[in-house]
Amino acid sequence: RKEVEQDPGPFNVPEGATVAFNCTYSNSASQSFFWYRQDCRKEPKLLMSVYSSGNEDGRFTAQLNRASQYISLLIRDSKLSDSATYLCVVILSNFGNEKLTFGTGTRLTIIP
Amino acid sequence: GAGVSQSPRYKVAKRGQDVALRCDPISGHVSLFWYQQALGQGPEFLTYFQNEAQLDKSGLPSDRFFAERPEGSVSTLKIQRTQQEDSAVYLCASSLGQQAQPQHFGDGTRLSIL
Numbered sequence: 001r002k003e004v005e006q007d008p009g010p011f012n013v014p015e016g017a018t019v020a021f022n023c024t025y026s027n028s029a030s031q032s033f034f035w036y037r038q039d040c041r042k043e044p045k046l047l048m049s050v051y052s053s054g055n056e057d058g059r060f061t062a063q064l065n066r067a068s069q070y071i072s073l074l075i076r077d078s079k080l081s082d083s084a085t086y087l088c089v090v091i092l093s094n095f096g097n098e099k100l101t102f103g104t105g106t107r108l109t110i111i112p
Numbered sequence: 001g002a003g004v005s006q007s008p009r010y011k012v013a014k015r016g017q018d019v020a021l022r023c024d025p026i027s028g029h030v031s032l033f034w035y036q037q038a039l040g041q042g043p044e045f046l047t048y049f050q051n052e053a054q055l056d057k058s059g060l061p062s063d064r065f066f067a068e069r070p071e072g073s074v075s076t077l078k079i080q081r082t083q084q085e086d087s088a089v090y091l092c093a094s095s096l097g098q099q100a101q102p103q104h105f106g107d108g109t110r111l112s113i114l
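These protein sequence lines are chains A and B, in that order. Going by my numbering, 96 is the number at position 96 of the first sequence; the sequence numbering is gapless. Going by my numbering, 97 is the number at position 97 of the second sequence; the sequence numbering is gapless.
Just to be clear, a hint being listed does not mean it is correct.
[As the list claims (entries may be wrong)] DSSO-like mimics (lysine-lysine), calculated; alpha carbons at most 30 Å apart, straight line:
#1 A/K79 to B/K11
#2 B/K14 to A/K42
#3 A/K79 to A/K42
#4 B/K14 to B/K78
#5 B/K78 to B/K57
#6 A/K79 to B/K14
#7 A/K45 to B/K11
Quick caveat, the hints were computed from the structure, so don't treat them as lab data.
Just chain A, same shape as in the assembly:
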């Protein structure tokens, strides 16, 4: 079983729609959680951190459920520019070696 699991998609969603991605992680000792965005043939870029209290950044909302070991990302009023692969990421330790453990990524295409 992979440490971080995501539905690879693809998700094809009309512009303006709301789309949600989910991710599960296997190690209950995981400390930090993130969503990264990766455009085709580009490097991953941090989209947002994820907290148990939930956090919002404009049209993006992220949520962590530690009991269920589950992370979500919600994108409202989707734009063409949101088309990308969204990577769920966890860090096991906050001290020293903060290596990132990535999911496979979920590919999103916004259709005009």
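Knowing the structure of chain A, use the given hints to seat chain B on it.
Structure of chain B alone, referenced to chain A:
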């Protein structure tokens, strides 16, 4: 620029050749990570440096892979006797090394083994 710089951007090699990939992290960044990203997959951790010390090499897939960061700045990932399964994008990331500081990624080196 001020970001993480990787070279070459693309590398094509014949099976059995040795290759060397370079990463120039953001100035002052203590932590440096190498990741391997196969087609259609998320990046996977290879190795971690804190300054010049290689503190974790648990992700290196075989003893053909070797990484160094002798002066605590530029790092080189070397792959000896390359195999076709080594074809991937190799990403380097650096961070300040303090708790919860974000990692900044380079553009990656796309390695193709023929």
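Here is how each hint holds up against the structure:
1. A/K79 to B/K11: Distance ~35 Å between A/K79 and B/K11 Cα, so the pair is violated.
2. B/K14 to A/K42: Satisfied, since the Cα-Cα distance of roughly 25 Å is no more than 30 Å.
3. A/K79 to A/K42: Between A/K79 and A/K42 the Cα gap is close to 19 Å, so the pair holds against 30 Å.
4. B/K14 to B/K78: 15 Å, holds
5. B/K78 to B/K57: 13 Å, holds
6. A/K79 to B/K14: Not OK: A/K79 and B/K14 at ~42 Å, beyond 30 Å, violated.
7. A/K45 to B/K11: 23 Å, holds
The earlier numbered hints that this structure contradicts are 1 and 6.
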